[in-house]
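Trainee: Here are the chains, one letter per residue:
Number of protein chains: 2
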Amino acid sequence: MSQLVEFVPNFSEGRRPEIVDEIVKAMLACDVMLLDREMDASHNRAVVTIVGEPANVAEAAFRGCERAAQLIDLNTHRGEHPRMGATDVIPFIPIQNMTMQECVALARRVGERIGNELQIPVYLYERAATQPERRDLAYIRKGEYEALREEIATVAAREPDFGPRRVGAAGAVAVGARPFLIAYNVNLDTRNAQIAKDIAKIIREKGGGLPSVKALGFALEDKGIVQVSMNLTDFNVTGMWTAFQHVRAEAEKRGVRVLGSELVGLVPLEALAQIARDALQLDEFSSNQVVEVKLSQAKTRI
Amino acid sequence: MSQLVEFVPNFSEGRRPEIVDEIVKAMLACDVMLLDREMDASHNRAVVTIVGEPANVAEAAFRGCERAAQLIDLNTHRGEHPRMGATDVIPFIPIQNMTMQECVALARRVGERIGNELQIPVYLYERAATQPERRDLAYIRKGEYEALREEIATVAAREPDFGPRRVGAAGAVAVGARPFLIAYNVNLDTRNAQIAKDIAKIIREKGGGLPSVKALGFALEDKGIVQVSMNLTDFNVTGMWTAFQHVRAEAEKRGVRVLGSELVGLVPLEALAQIARDALQLDEFSSNQVVEVKLSQAKTRI
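Going down the list, the sequences are from chains X and Z. Per this note's numbering: the first sequence = residues 154 to 455. Per this note's numbering: the second sequence = residues 154 to 455.
Derived from the structure by calculation, the hints contain no laboratory data. Here a beta-carbon is modelled for each residue, glycine too, at the ideal position from N, C-alpha and C. Just to be clear, a hint being listed does not mean it is correct.
To be clear about the criterion: a stretch of chain Z counts as covered by chain X if any three or more of its residues have a C-beta under 8 Å from a C-beta of chain X, and this derived list gives those stretches [as the list claims (entries may be wrong)]: (1) 217-223; (2) 436-444.
Simulated restraints, written as ranges between beta carbons of each label pair [what the hints assert, rightly or not]: (3) Arg318/Z - Asp436/X: 51 to 59 Å; (4) Val308/X - Gly413/Z: 51 to 59 Å; (5) Glu358/Z - Leu369/X: 43 to 51 Å; (6) Asn389/X - Ser155/Z: 27 to 35 Å.
Construct the complete structure from the given sequences, taking the supplied hints into account.
Mentor: Rendered as structure tokens:
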């Protein structure tokens, strides 16, 4: 199987589709595949999901960043979502036959090239961070473009990993590597939002719960139910089955029934294989036992 | 997504690999993919697993049958496994974007061509059967090649669906359609084989248990444990999660712990998606939410 890596660049343009078209076109010229693109007008932001082989993805990320810098001016950009650059963030995510370390190396290579060739300040974040506090994107992006513009030349903590200590109209970009993020929700048969909030607090990592789990609890007013909404930030650490079981156990303690669960967006096949392993104690199972995977490796000659 | 169908022809040759090579070569000339091939000397039988688009699979099945008829003589064939033909059975199995009805139509088309062009008697079986009793392969193959040779011309029940009422050295072939079969075992922490036998008896369809489940219980002497060994003959009816839960519940009633479960061979992606749906009450989940599936449908142009 070939190596596959996903990247999900976020661009500070959510209102003019023709601008996003131009940027996407620059990326798709690099033999990569578009999985998804979304624009949000109030956020004034576009999120594009692209997959390909590492070298093509590296080229596409650079080309997208280059085109965005030509088309988007942060001095006039307004939107609800925090941002500091025309290309705001570029996370790289291992999908197939690719280690996290390889993804980190890829992020650093792309970041260095953006800094050098486009003269855009680059901050490495999450697994690619070079300083512990920069693992956190919110720390890097604090005060957004406007604060960065004032501080980058003078404040030591603002020194970028690559590129100049000044920002132009394209702002700065955060380039990083992280595991695939699974957005996973469990719905509970109660109107009492406090129950969802309590369960979220118990199961999330921050409260000493499950590692690599973020969780919030709230009511879905229109449905008359509540939801524990989770981000599984590393499904190899805590997968869907484990998260589901913990939410269910906490709900049962409170006399509340689980109505069902839902997966927002995509998951890698490996996350499904992991559910099978965990739920069925299917210790030896490998995704190579999936017909469709086997097919992609199949011989056409004896 | 293109249509994909699997077929698993069984040939009456398990000792001379060069003969099986010849047959496989004839099939692989038809733009299909070889997933697996196994030979068993004591059974004197080869089982080949091939996947492809319907038209190519139909051609490959015919070519394999034709070549086997040239190379295998049932008059001299001996082996432990019941058999009635050089190509003994050809089941077609829907894998992707293919209904069971389409598979049945495919089986009948191939069967008719084998009967007409190769002058080999063809019996349609399982979902492709034209008579209820012929759903059961054992019924068709009763007495094997030797009995069929004696009776085909005279016994009404032996009249083939296609081809002549006489068998040559190539014997006859059963051509059918069936769902993907999952071989799934649950291991229990006891040395008491009777417990596995009792559980198998309760959960299998024959005993009024789970529909589309066959089950046997026996000891794995070398490991000092017992196993409930199942064939899930239609995982859309009873899937792995349901089977696992029932075995576990019966084991717990008897104070026995489940050690784990194991999947023999391959499963379609859809069977994994079904585990996710069942175990996590993930009602809306579709295999289109799997990154790798999405990739196979991805756009490379905006």
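Trainee: Decide, hint by hint, whether the structure agrees.
Mentor: Quick rundown of the hints versus the structure:
1. 217-223: violated (count 0)
2. 436-444: Answer holds; 6 residues pass the 8 Å Cβ test.
3. Arg318/Z - Asp436/X: 51 to 59 Å: The hinted range 51 to 59 Å holds for Arg318/Z and Asp436/X, with Cβ atoms some 52 Å apart.
4. Val308/X - Gly413/Z: 51 to 59 Å: holds (56 Å)
5. Glu358/Z - Leu369/X: 43 to 51 Å: Holds: the Cβ-Cβ distance is about 45 Å, inside 43 to 51 Å.
6. Asn389/X - Ser155/Z: 27 to 35 Å: Distance hint for Asn389/X, Ser155/Z holds at roughly 32 Å.
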